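Participant: When you get a sec, could you build the whole thing from the sequences and use the hints?
2 protein chains.
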Amino acid sequence: MEAHPYVPRDLHLPGYAPCFLSMSNILSVFASSSLLIVTLVWIFSGRFKKTKVDRVLMCWWAFTGLTHIILEGYFVFSPEFFKDKTGFYLAEVWKEYSKGDSRYAGRDAGVVTVEGITAVLEGPASLLAVYAIATGKSYSYILQFAISLGQLYGTAVYYITAILEGDNFSTNSFYYYAYYIGANASWIVIPLIIAIRCWRKICAAFRVQGGQTKKPKVR
Amino acid sequence: MEAHPYVPRDLHLPGYAPCFLSMSNILSVFASSSLLIVTLVWIFSGRFKKTKVDRVLMCWWAFTGLTHIILEGYFVFSPEFFKDKTGFYLAEVWKEYSKGDSRYAGRDAGVVTVEGITAVLEGPASLLAVYAIATGKSYSYILQFAISLGQLYGTAVYYITAILEGDNFSTNSFYYYAYYIGANASWIVIPLIIAIRCWRKICAAFRVQGGQTKKPKVR
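In the order they appear, the protein sequences are chains F and Z. UniProt numbering numbers the first residue of the first sequence as 1 and each following residue consecutively. UniProt numbering numbers the first residue of the second sequence as 1 and each following residue consecutively.
Be aware that one or more of the hints could be misleading.
Since the list gives no way to pick one copy over another, a pair counts as held whenever it fits inside one copy or between any two copies.
[Stated by the list, open to error] The calculated lysine-lysine pairs, modelled on DSBU-like cross-linking and capped at a C-alpha distance of 35 Å, are:
1) K49 to K201
2) K137 to K49
3) K137 to K85
Simulated from the structure, these hints should not be mistaken for laboratory data. For clarity, every value in this text was computed on a predicted model and none was experimentally measured.
Facilitator: Set out below in structure tokens:
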């Protein structure tokens, strides 16, 4: 039986099969697919006479939605990905990422829970956000706010549980900073910016409404 | 050393001190303090010429905010509550509640994380919601929506992690249904109702804004 590279060393992973793809293979497939999606959504969004900000947001929601559904969705429903011997891309992604956080290979309940909520609820909701922005739905901001807040809550649970459990799930400090910190940083910064923007837009809408009717009835 | 009553039986709790207060003592103190707060907020809210719905919401936010800060805040920052020999009320609450979910006594990382976010962020935010409703702030709905969504996310993490870990943390089925299910049910039903109401109010505000200016600029 092959020894796995993950920390803690006594993590029990019977049937572990080592990575077939290199880190650069895995990252370049992810980067180029993401770039393809973003480019397609950018071109497509040009048809809707939207502001540049709205078009960037449509790209983000398409990218993050597909990441949640495909990448994270595969993880949630594939508890034995570390045994995969076929070189299947999605299994390779999680074998590689587990070097930065072995709780993925070890099937930590907190990680599986957060990824489950993200893949099943936030993924489809992100794709709905692309549609909502494109068609100018009245629920566009509150939907984007809800998903962003969910992403922030998930990331908070992800890091706080790790700290409480000793924050020692990385093979080495390169993987710690590149995968565990680096790969997740976008899901703190971007949802935070979007949540603040939506909060402000929603407050502005209520001020408009309040100014319009002297006695604000809906409030 | 006293044997603890919790499940799993091999849960290691050195220095455990048994409950001093009875279940009816603990519940009656909680019920009467809650009733006192709700009554005071109800009377106080009468000064603000608010609708009955808004006054009920102010009572809810005061109740849930103080529960988050005092009860759950104590738990988060008192890892050794199960050793308390003084009969201190808040320690007794968590010794008793642990009969329904021993992850509290066992300091499960997922539970501590959710309770931490709830006590530190959602607690103060709930009290801010009382003020926001009373003074008709433009951020009133989005704030209530954000807290409700946080409560729902927290409850989802709470139950899903338990299920993934075998759902066997209750002393018996009475405590399972009374504490683990019953005591948490309000924090599913009420946040869900409030979140849906806020969602609708916010959509309505954008429809008003959209109808007012033919070319919706803010959107």
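Participant: None of the hints should be skipped; say for each whether it holds.
Facilitator: Tested hints:
1. K49 to K201: This pair counts as both: shortest intra-copy Cα distance 20 Å, inter-copy 27 Å.
2. K137 to K49: Both: 14 Å inside a chain and 33 Å across chains, each within 35 Å.
3. K137 to K85: neither (46 Å within a copy, 58 Å between copies)
Comparing the model with each numbered hint stated earlier shows that hint 3 is the single one that does not hold.
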